[in-house]
Amino acid sequence: MMYAGMSGKARVGKTAAGLLALTLLAACASQPTVTAPPPQAQAPRQAAPQSPTPKTVEAAPETPPPAPTPALTVPADETVRVALLLPLTGKAASLGEAMQQAAQMALFDTADPHFQLLIRDTRSTPEGSVAAAQEALAAGATLLIGPVYGVDAKAVTPVVGTVPVLSFSNDATVADTHAPAGGTWVLGFQPQDQVARVVTYAASHGLTRLALLAPVGGNGDMVEQAMRDAASKAGADVTTAARYQPTQKDVSETIKRLSNFEQRHAQMAAARDAAASKDGKAAPAVDDLPFQAILIAEGGQRLKEVAPLLPFFNIDPGPVRFLGTGQWDEPGIGREPSLVGGWYASAAPDVRQGFEKRFNDVYGQRPPRLATLAYDATALAAVLAKAHKAYVRENLTDPNGFAGIDGVFRLLPTGQVERGLSVLEVTRTGVTVVDPAPTSFAAPATPAPNPGS
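Under mature numbering (1 follows the signal peptide of the UniProt record, and there is no 0), read the sequence shown as residues -29 to -1, 1 to 424, first letter to last.
The set of hints was computed from the structure by calculation and includes no laboratory data. Don't take each hint at face value.
[To be verified] Keeping only pairs whose Cα atoms sit at most 27 Å apart, straight-line, the calculated DSSO-like set for lysine-lysine is: (1) K275 / K227; (2) K275 / K220; (3) K328 / K275; (4) K62 / K220; (5) K62 / K125.
Assemble the whole structure, with the sequences as input and the hints as a guide.
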């Protein structure tokens, strides 16, 4: 049972370190307190007209009075309590500890003395997450940040009532905005957004015939649908989708079929033989691949195993542009030669690199990728509290959004999160930004259907 407070001296010292703190993109001026209006009076019901022969008349059902409107602001001197639900014990304890450390950095950077962060251990289980949420609510938390995993967030949502939840999951089905004033948002990095961004960028550069290489399963299905949707909007076409089992150790046969390897290999051999002969015969043509770019929906070690097989089976990264998602966003990706020159969509790296260096300086280790989510969510809560804004849907879904470590983002009424993403190109020494992320949202997003509804 821990809570973290905030001294003004510590906050000023940390802010002076120069790290860009999350800010509201909208103006953060205080608003006058808005109190909940009383329920409207019930209009008197008229009596049913009498007929010559009396008969029983059922009364019309009463219209319930409207629910009170939640206050948009909180008093300036009121202590604001926000709970951080993390796995501090159990199988995900190391991740939870790092995310807690990132949240504490945000606390010192952005919070004022009236802001308290209540840290509760989810014990890496759905049951532990429910218990942690209930403890936090009993302690007066008006916003819950976490849990990390979708299964835990789904367990928590039914017990929080009108208190909003900012989960770290990237499972779109976790989103739930049915609560009268609160709801559950999905802060995790969504592959659909990343796919749409990189596919749209590729199409704008003339790469309109696309292929997909992805594992079978829910995530692969999501990526394929997002790719087809984005391609359709961008005037492109997904000509080929090659899928394989996630447990399949060797995907060579899948890639051979994707590249029409046997036929094209024979054509290439015949062309070489013809070029070497002196009989004057023209070299036979080699069939073109039916795609100009291929999206590889993998990351980590699996990406490093799969990517080299593509040029081995004549899908060369020169004629064919390799595309990826935020799963590619890891140190040393350029050490795999086949990925050099590839494009992927992710948050702009510059601010995050500063955060990672500072985290390493303070805690002696590189932060996990999800640490920035903990920082940004905590900073969002602290910034709203500093502006005396209550954690209600109207404030959380401000269409202007927020700017954080991972760039601009905004919470949508659907429970999803829209992010401004960069397109990055892999180099031998790292990555370079080829299309910068937006720094603001020009207009409110058109809400997408909520998969969890």
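Here's how the hints hold up against the structure:
{"no.": "1", "hint": "K275 / K227", "in the structure": "holds, 18 Å"}
{"no.": "2", "hint": "K275 / K220", "in the structure": "holds, 13 Å"}
{"no.": "3", "hint": "K328 / K275", "in the structure": "holds, 26 Å"}
{"no.": "4", "hint": "K62 / K220", "in the structure": "holds, 25 Å"}
{"no.": "5", "hint": "K62 / K125", "in the structure": "holds, 19 Å"}
Checked against the numbered hints listed earlier, the structure breaks none of them; every hint is satisfied.
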